[in-house]
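Go by the hints and put chain R onto chain D.
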Amino acid sequence: MSAPLAPLPRWADLALIPLINVTLAFLVSGLVVLAIGESPLEATAIMLRGALGFGEGIGFTLYYTTNFIFAGLAVAVAFHAGLFNIGGEGQAMIGGVGAAMAALLLGTMPSIVALPAAILASALFGAAWGAIPGWLQARRGSHVVITTIMFNFIASALLVYLLVDVFRPPGLMEPSSRVFDAGAKLPFMAQAAAWFGLRMPKSPLNLSFIVALVACLFVWLLIYRSRLGYAFRVVGANPVAARYAGISPERMTIYAMAISGALAGMMAINEILGVQHRLIVGFTSGYGFVGIAVALMGRAHPGGIILAALLFGVLYQGGTELAFDKPTITRDMIVVIQGLVILFAGALEFMFRPALSRLLSRNVAESA
Amino acid sequence: MNLKSALSALTLSLLATSAFAQSKPAVTFDVGGKFDKSFNEAAYHGAEAFKKKTGIAYREFEIQNDAQREQALTRFARDGNDPIIVIGFSNGSALKKVAAEFPKTRFTIIDDVIDLPNVQSIVFKEHEGSYLVGLLAAKASKSGKVGFVGGMDIPLIRKFACGYVQGVKAGNASAEIFQNMTGTTGAAFNDPVKGGELAKAQIGRGADVVYHAAGGTGAGVLRATADAGKLGIGVDSNQNHLHPGKILTSMLKRVDVAVEKALTDANGTAWKAGVTVLGLAEGGVGWADDEHNKALVTADMRAAVDKATADIKSGAVKVHDYMSDQKCPVQ
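Chains as they are written, first to last, in numbering that gives the first Met the number 0: chain D, 0 to 367; chain R, 0 to 330.
Note that these hints are calculated values from the structure, not bench results. Hints should not be assumed to be uniformly reliable.
Taking lysine-lysine and the PhoX-like style, the derived pairs with C-alpha atoms no more than 25 Å apart in a straight line are [unchecked claim]: (1) 36(R) with 325(D); (2) 103(R) with 201(D); (3) 245(R) with 199(R); (4) 23(R) with 33(R); (5) 201(D) with 96(R).
Chain D with its partners taken away, still in its complex shape:
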């Protein structure tokens, strides 16, 4: 019988374990790259330089990071309430529909009116799309994992219908809405920097990155400093105790899913209002699913989510640069590398915990 493991020091839990996991993921990825006859060192260098080595690359990295922050926060909020929201994709699509409807209606108004309205619409539409599975879970017992996945398909069908039959200007082959008027275009970071006389290279990075950071602060306040967040955590830890304490787990389930959906819906701020300036099919590109890995890696804490989102931003942008420079490393190879990071940092995150715990507790015992 094994003795219960001593708890890890906080620094080891928050920094050392993720670091070891990511390093291991990169080592195994290196072996894969070696197996197809490329130099892993060179590949790593290209990835890092492509993601962090020049202005435009950093812009792309932070642009991806913005998506992953919203998606990660969405999963994290639900996670604190003991719910697993797999529906980030669908909630983001519907958030995009909301943002686009507001932007198309109000685009001719000044930005100070149009943009807040469009941002609010993305959150409200996403919240509604998250709240329905929440309600089904709370009142009908339909498991939220199943319903949120199914709602992704409903959302995607709805989006295609709207784009093909309602929003699409005649004569356009691509299923897409018309381009928004100037008022509803969220400025690019390079444009915003120019207002202050700064020069930044052109990239898709836009002001939604700041909205994402504000959302992190909001989620931190909500989860750790508010009564509602406390109620979420109690329900997540023990619904029976929550009910005994006078908290309704059903109501908290609906609230948590609505807030989760709102955060996922806000991904549309980056993609629709910030980059594309029109509603298109498939703008979510799987970011909603990556959000699950981001939230797991970031320990559902906003600070951790920013770091994990940054790591995935580096992987996405670095992977793109790798595909440009190394024809033998295809996009499928890059998915393998990203998958290994998710595997080691997410699924196998406790693999080193027992060994590390023993090692560290021995050191503590020796030094005591």
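For chain R alone, coordinates are given in the frame of chain D:
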């Protein structure tokens, strides 16, 4: 210096420049990837054929998300690649921006029209090719019932369906047509299991010829029709060889020819900006006629399809284009 030596010097310098002006082509494939057994793969074969003939290598990129469209085009243009072949209409708006930023770079886009002085747009009259295979389907059907399985429900696929329906009605005015779309996401182009189920359902309702415009999903459609002893119709590439004797024909969309021609033209001097519409008359679409389906196409059918081909080429028969008004005159 006499005229002759001046001329020869001129020729020499021309030769020298043309030797150095070898193109540095690049190709961006769309989300399906270059091995999608259909549209992108046809483009890939075209690029490979060019590489084989000229020995000129090309750079390539497979798009994964929408932000990469502009990124890839900008990257290739900035690195001095020329011409840049852009596969798929989804790249239209990205190309509009990038082509304006790099007015000296030559771009060729397949399946969309971009009106800029440095962009060549190549589109196909898929409805004409679909009309011909529809006509063949109506003539080959014994039950008077035929099917259509589309991929993702977008205007382009409805254009295929509409041309097909017109062809079927031309062959047999009382024919019944079952139409299904596989889905509403890009995954609908890569779902052979669902494609097979849809084909089986149509066969269950009496269809004995089924045409697919569904990319990778079509493999399931063709397998289901072959297993049931009915006839399938392939699309984009010649798919007759997949189930010899059980595929009536394939609607050919010569993306490979278009890509190879664009690359070859740009390597020489023949490349021109503007819109190229490749229909039946230009050899851009057609129906596959080879040893695998020889026994299926009777003399009567051949006569009918040859007449229709001539009529469409001469303009005596006009196949309605769904894209022109978002409507199909017959269902």
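Now for the hints, and whether the structure bears them out:
| no. | hint | verdict |
| --- | --- | --- |
| 1 | 36(R) with 325(D) | 23 Å, holds |
| 2 | 103(R) with 201(D) | 20 Å, holds |
| 3 | 245(R) with 199(R) | 15 Å, holds |
| 4 | 23(R) with 33(R) | 20 Å, holds |
| 5 | 201(D) with 96(R) | 13 Å, holds |
Every hint, counting from the list given before, is met by this structure.
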